[in-house]
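Single-letter residue listing:
Number of protein chains: 2
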Amino acid sequence: MKEEIEKVSPKEIEKRSFEIITQELEEQGIVLTGIEAPVIKRCIHTSADFDYAKNLLFSERAVEKALQALREGACIVTDTQMAYSGINKKRLSEYGGEVYCFMSDEDVAEKAIREKTTRAAASMEKACLLDKELIFAIGNAPTALIRLCELIREGRISPRLVIAVPVGFVNVISSKEMVLTLESVPYIISQGRKGGSNIAACICNALIYQL
Amino acid sequence: MKEEIEKVSPKEIEKRSFEIITQELEEQGIVLTGIEAPVIKRCIHTSADFDYAKNLLFSERAVEKALQALREGACIVTDTQMAYSGINKKRLSEYGGEVYCFMSDEDVAEKAIREKTTRAAASMEKACLLDKELIFAIGNAPTALIRLCELIREGRISPRLVIAVPVGFVNVISSKEMVLTLESVPYIISQGRKGGSNIAACICNALIYQL
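Here the protein sequences line up with chains X and F, keeping their order.
Throughout, our numbering is defined as the position within the first sequence, counted from one, plus 12.
Throughout, our numbering is defined as the position within the second sequence, counted from one, plus 12.
Next comes chain X alone, as it looks inside the complex (with noise of 0.2 Å):
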């Protein structure tokens, strides 16, 4: 895999890489077409990693919903630092929404004690007090995900999308499974193990920047 460092000018280099993407897709014999292909190609283009061209499952018309709130201003609620650094807060706010993280507030680290559940559960329980339409970006935590998914079942919330995109070994794929059984909330959601709170992220900026 020995590559010559190419002089490619930093505005290109994104540029480049989609249709390094693109191309590698077609000779693995995969066309990407339509509304979700931005979002899956910068998945591949944040991990490098040509599994989300397969695991990445949409909900029907939920990139044209998610398009459609984001241009209503809704706000993104994440469950990580991480995801709520990578998303860009800049281009969101032009269409008047926010991002929100709470698993670093002290009331929730209180009511996860009180409650003997996790910040992440708590966090999604503090979302749900927000006077506004929101998509969540779920990238770490089964616990906020199965959490949302019972706020959402008890109607305390209805998200114009969830990004159900969790990584690791333990409950994250029957949390991803639990998003499958809801009615009427868009989803995107990675199937299996992997995502990630970088995934997260893409995921929100590959929307944003369809706006």
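Everything labelled a hint here was simulated from the structure, so no lab data went into it.
Take these hints with a grain of salt, some might be off.
Straight-line C-alpha distance at most 25 Å; calculated DSS-like pairs for lysine-lysine [unchecked claim]: (1) Lys23/X x Lys128/F; (2) Lys128/F x Lys102/X; (3) Lys128/F x Lys128/X; (4) Lys123/F x Lys23/X; (5) Lys101/F x Lys101/X; (6) Lys23/X x Lys144/X; (7) Lys138/X x Lys123/F; (8) Lys27/X x Lys138/X; (9) Lys27/X x Lys101/F; (10) Lys66/X x Lys23/X; (11) Lys123/F x Lys101/X; (12) Lys128/X x Lys123/F; (13) Lys138/F x Lys128/F; (14) Lys23/F x Lys123/X; (15) Lys123/F x Lys102/X; (16) Lys123/X x Lys102/F; (17) Lys102/X x Lys77/X.
Partner residues aside, some chain F positions facing chain X, computed with beta carbon under 8 Å [what the hints assert, rightly or not]: (18) Ile32; (19) Leu69; (20) Phe181; (21) Val182.
This structure is a prediction, so every number in the text was calculated from the model and none was measured.
Where a beta carbon is used, it is the ideal one built from N, C-alpha and C, also for glycine.
Put chain F on the given structure of chain X with help from the hints.
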């Protein structure tokens, strides 16, 4: 890959995850031992990508040297706000270390424009002004890693460790190969295209958690 939700307390989840990783590596005929093993396993834990069992390259006694540096209060410089967010700054501070990311600094942005380079490269030059023992964790920008290698060759900086894990498709592999040409600088490299700010942060944490 259907799984039931296991009743595992939050503090047990990481322990269980590492047990699963160890077991599945053994099923693949891979038995990791030594001081590098926790670093490799945490990269798999962070990404659910077993490629990290094979693509991480450690210079001789890199982990021992890194732990010594951290015990002596070495600071960490990274090229993304995401990696900055992901590194356990509280645990690092117990040994006197801090984490720096200069990517969003105004003077770095101005320097990049003035010198027609990237903010990532300019942020490496700013790091040279720090009067501290430094570990670099490069998870995104080949231009940062390339400039860092040049600064080391010029004798302007002598890091205690270079974590070279940029991700992507343009200049990534060649930037990592530059690190291999450095003499007397310990390194941890993710060979090939893979890596990322999440991997950069988790390698830092894997080191910090061994202190």
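Now for the hints, and whether the structure bears them out:
no. : hint                : verdict
1   : Lys23/X x Lys128/F  : 12 Å, holds
2   : Lys128/F x Lys102/X : 24 Å, holds
3   : Lys128/F x Lys128/X : 53 Å, violated
4   : Lys123/F x Lys23/X  : 17 Å, holds
5   : Lys101/F x Lys101/X : 23 Å, holds
6   : Lys23/X x Lys144/X  : 34 Å, violated
7   : Lys138/X x Lys123/F : 41 Å, violated
8   : Lys27/X x Lys138/X  : 39 Å, violated
9   : Lys27/X x Lys101/F  : 34 Å, violated
10  : Lys66/X x Lys23/X   : 28 Å, violated
11  : Lys123/F x Lys101/X : 24 Å, holds
12  : Lys128/X x Lys123/F : 50 Å, violated
13  : Lys138/F x Lys128/F : 16 Å, holds
14  : Lys23/F x Lys123/X  : 17 Å, holds
15  : Lys123/F x Lys102/X : 22 Å, holds
16  : Lys123/X x Lys102/F : 22 Å, holds
17  : Lys102/X x Lys77/X  : 21 Å, holds
18  : Ile32               : 4 Å, holds
19  : Leu69               : 13 Å, violated
20  : Phe181              : 4 Å, holds
21  : Val182              : 5 Å, holds
In summary, the numbered hints that this structure violates are 3, 6, 7, 8, 9, 10, 12, 19.
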